[in-house]
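2 protein chains.
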Amino acid sequence: MQSIRTSELVSPAASDSGSHSPSSSDVASSPFRRRSLCSIDQPGVVMTKLPQELEDAHHEIGSKLVVVMVGLPARGKSYIVKKLRRYLMWLQYETKVFNVGNRRRIASKGDNEDGSKHSHAFFDPQNKTAKSIRDDLAMDSLEELIAWLKQGGRVGIHDATNSTRERRKLIMKRLESEPNCRVLFIESICTDPVVLAHNISMKLSSPDYQGMNARVASEDFRKRLENYEKAYQTLGEEEEEEGTPYCKLVNVGKKVIAYNIQGYLAGQCIFYLMNFNLSPRCIWLSRHGESLDNIVGKIGGDAPLSPRGCRFAACLARFIQHEREEHSERVQMEQRAGLYAPSTNISERTMAVWTSMLTRTKETVEDFDANEYDIKHMRLLNEIYAGMCEELTYTEIRQRYPQEFEARRVNKLYYRYPGMGGESYVDVIQRLNPLIVELERIKSSLLIVTHRVVLRILLAYLMDIDRRQMPEMEVQLHTVYRVEPRPHGTILKVFRWDEDRDWFYEDSVTPFP
Amino acid sequence: MQSIRTSELVSPAASDSGSHSPSSSDVASSPFRRRSLCSIDQPGVVMTKLPQELEDAHHEIGSKLVVVMVGLPARGKSYIVKKLRRYLMWLQYETKVFNVGNRRRIASKGDNEDGSKHSHAFFDPQNKTAKSIRDDLAMDSLEELIAWLKQGGRVGIHDATNSTRERRKLIMKRLESEPNCRVLFIESICTDPVVLAHNISMKLSSPDYQGMNARVASEDFRKRLENYEKAYQTLGEEEEEEGTPYCKLVNVGKKVIAYNIQGYLAGQCIFYLMNFNLSPRCIWLSRHGESLDNIVGKIGGDAPLSPRGCRFAACLARFIQHEREEHSERVQMEQRAGLYAPSTNISERTMAVWTSMLTRTKETVEDFDANEYDIKHMRLLNEIYAGMCEELTYTEIRQRYPQEFEARRVNKLYYRYPGMGGESYVDVIQRLNPLIVELERIKSSLLIVTHRVVLRILLAYLMDIDRRQMPEMEVQLHTVYRVEPRPHGTILKVFRWDEDRDWFYEDSVTPFP
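One line per chain: the protein sequences are A and B, in this order.
All letters in the first sequence, in the order written, are residues 1 to 513 by UniProt numbering.
All letters in the second sequence, in the order written, are residues 1 to 513 by UniProt numbering.
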């Protein structure tokens, strides 16, 4: 329709494309270097005009970011790394984690059966051979990371303890020869004894201790920690003298120290990391009840609920009240069992209910008591705006705009509806970005009532669903998704409305294979 | 048109309304207290559903924030306070600064003509009488701030040195009895000798030293600083033990320490403060060149430029190149004069050019060389979406939708265009929020080519223009606004295109009285 859109239909460089991997000398001599250090960059949403020669070469724009983790074992590094990767991938930045521990375990397989590379002696700073092997492993990981960035990756995360200045200097030195890479050190510090004890107990179920007696494992891990602690140097003055950008996270966002942060992407990462918490809670998500437009198959619009949709709405209010009470009891039980710090009192919190500004979602929460729930309606949760295709059926779109229909089929993620204001999936992702940060920030449980495309996008974030699968996710009407983030994974349950019994039943079939 | 909109047309509580000032006991006993602590809150954009009794009482929702500044004199507190106030007001949160220094100067008028309350002796921590007077002044300011919040204000900023733990404890104790107030301490630390020397020289032109000999003034200020330094206690361990939320800013965003930040608004403040810098630069803003729709007076749409618009575009590229060179020379001259740290090298930076995704702005920058400028097109800068009124003239809107025309006239800021996706000024403000943070973050100069409403909103932010005036600002076609942020104020120049001479001339008339 409009020529504006076509140039954005390029999908982001895939990690497996490998078709354009400029060597570092290419990069240094091209205008690429100077250009790449500039400002705001949102894949598919902000479009950069390139000089002809770069356009022709299919050069990538936007700088690369290397995130280097720092921290003692069991300080939540992997938790942070996982969340950060998930968030960045959802924002459509190709992100990959390079874990040095896994490399060590793979490297040690075969060459010594006694597992000496897992025992605490391997982590003794006095053990020079072991130290040199550990440095080699870390630098090999870094090389792999750099090679991957050159093949089209955007953010590489070096997941290791990197606990000495010497090691960090090695890493910085290597990265200085890559003109197109920004770096961000992220240190995770945990001083909360409850969280620490829990992290350590999780560690003992790691592959390093498989098949080992629990007491022996615990003793070995304690000694490994001691060895790390002997040599541990926190981020600070030396990094500041050298101007190295870093961020220290103390007790999961409770305290954050950010130094010399550079670049749009690093700023986004830190804002995200600043805002999360470990409160036990649930997030329920649902589409609105059936609307009059749903019955005739029209997309978009602002129709009210059908009588059936109204019955769903009434049942939803009762069901969520029931779920909420059950969740509160479960958390209290787990608190007594020592799983959470006892100070966390969830029952006193007002639960949040968020809907879009459209009639069908607002009507869906009409039976919720505004004294019991903090109910907010917001434009951010509105359905994807279909521009010229608003209030048409898919059959009508295919008939009237066959080329649009085909373009959408080919690349549903980047396809932007024609007409003023028309949106694409990636436009909606950017629109929802502040909401994701807010969802991570608040401690209360939360119900989100929204629309098909927005629900897919939110579930893709929460459940770490691949971008290729996201636009194809089956999300039916009258279904509630319950997402429970736990320190080491997210539990999804699906509840479907049984219209005859006017109650919900749990669907045991995995919804997004 | 749609019932959704009407309930949002409430304007934010004005500072001078005074019609509902619940006493603190009212607040504690009402559901207000529990509710107010919840999540995302964007005036006019996120709508909270209230229980009937609160709706009837015209109760305000959303918690109040008290920002308490901490820092030695000449550390940039007032600069931070000014920017923060401007940003929050632009986001439509009623914000007011309560400056203790001004109160001291007013208080001392009359009761002693010798100006003893300005001389360094007044700031000696050993001087008990003076200390007690200073505490009283600070606490009086705080009372005034609290009273103002109760009358409908949202964010009160207590602008004083607040440099001792004792003082801060007094403040915290007073605020604890206000259930609806969150608090955020912000400390500004400056260790850069160039910035510090510059700040001190600015201080000597303050009212405290009016008419005083320069050497005497400088000596007095040095002694005042020494007195403060004697008693100065930075934010840290004690605040952390008590869980007091704080943020330390070292050298304007170079290093940021955030502790226990609570609430949506405080998080937004910190993200904003983290992202600014003092690089010398210019921001040029312009609407697109005349479009074919401009000729016939249609709003919205995606028309290309008229031949006249194309001539403007060609001239704009030459003019900006000229302006850019001139600015670069001026900065170099000022650097030699010691006004900026010599390390700041602006000439090597690629200048950014941002436009919307619409044809008329993209065509307006077509003559810019993509090798010389980092050119980005983004949806964030698109014109306000007029929904059902897109591609109509104002006359047509008045004829077809007289009620809409009237509603818009009455409250242009909150008026949302009818029809799916229709936007209001406040919707556009929220959409532009990430762009403002990015604009503050980048160090390079910047040209923004956008549309009438977006230009008004951006200029209102940059020039601190009142929300009532913003929707009425006269922003003509073929005019370039040059905004130059300086440490102590922003300089605006207006250049108009002279079509015959095909060049720009400076318009000396103040554009926004």
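Because the hints were derived from the structure by calculation, they are not lab data.
Note that CB positions come from ideal geometry on N, CA and C, so glycine has one too.
A hint or two may mislead.
Unchecked claim - Below, a list of computed lysine-lysine pairs in the DSSO-like style, where the Cα atoms sit at most 30 Å apart:
no.	chain 1	residue 1	chain 2	residue 2
1	A	Lys255	B	Lys173
2	B	Lys128	A	Lys254
3	A	Lys443	B	Lys493
4	B	Lys493	A	Lys49
5	B	Lys255	A	Lys83
Claimed, not checked - Label pairs and their computed distance ranges (CB to CB):
no.	chain 1	residue 1	chain 2	residue 2	range
6	B	Pro304	A	Gln403	20 to 26 Å
7	B	Leu170	A	Arg105	52 to 58 Å
8	A	Pro307	B	Asn411	54 to 60 Å
9	B	Ile491	A	Pro193	54 to 60 Å
As the list claims (entries may be wrong) - On the chain B side, residues computed to face chain A include the following (Cβ under 7 Å):
no.	residue
10	Lys49
11	Ile257
12	Glu438
13	Arg501
For each hint, the structure was consulted:
1. A C-alpha spacing of about 23 Å is found between A/Lys255 and B/Lys173, which places the hinted pair at or below 30 Å, so the restraint holds.
2. Of the supplied pair hints, the one linking B/Lys128 and A/Lys254 is violated, its CA atoms being roughly 38 Å apart against a limit of 30 Å.
3. At roughly 47 Å between alpha-carbon atoms, A/Lys443 and B/Lys493 are farther apart than 30 Å, so this suggested pair is violated.
4. The straight-line distance between the Cα atoms of B/Lys493 and A/Lys49 is roughly 28 Å, inside the 30 Å bound, and the hint therefore holds.
5. Our distance criterion of 30 Å between C-alpha atoms is met by B/Lys255 and A/Lys83, whose separation comes to about 24 Å.
6. At roughly 21 Å, the beta-carbon separation of B/Pro304 and A/Gln403 lies within the given 20 to 26 Å, and the hint holds.
7. Distance hint check: the CB atoms of B/Leu170 and A/Arg105 are about 57 Å apart, consistent with the given range 52 to 58 Å.
8. The hinted range of 54 to 60 Å is not satisfied by A/Pro307 and B/Asn411, whose Cβ atoms lie roughly 36 Å apart.
9. B/Ile491 and A/Pro193 have their C-beta atoms about 55 Å apart, which keeps the hinted 54 to 60 Å range intact.
10. With its C-beta approaching chain A no nearer than about 4 Å, B/Lys49 sits inside the 7 Å limit, and its interface hint holds.
11. For the restraint placing B/Ile257 at the interface with chain A, the shortest Cβ-Cβ distance is roughly 5 Å, inside the 7 Å limit, so the hint holds.
12. The interface hint given for B/Glu438 holds, since its Cβ lies 5 Å from the closest Cβ of chain A, which is under the 7 Å cut-off.
13. Below 7 Å, beta-carbon pairs count as interface contacts, and B/Arg501 has none with chain A, the closest being about 29 Å; its hint is therefore violated.
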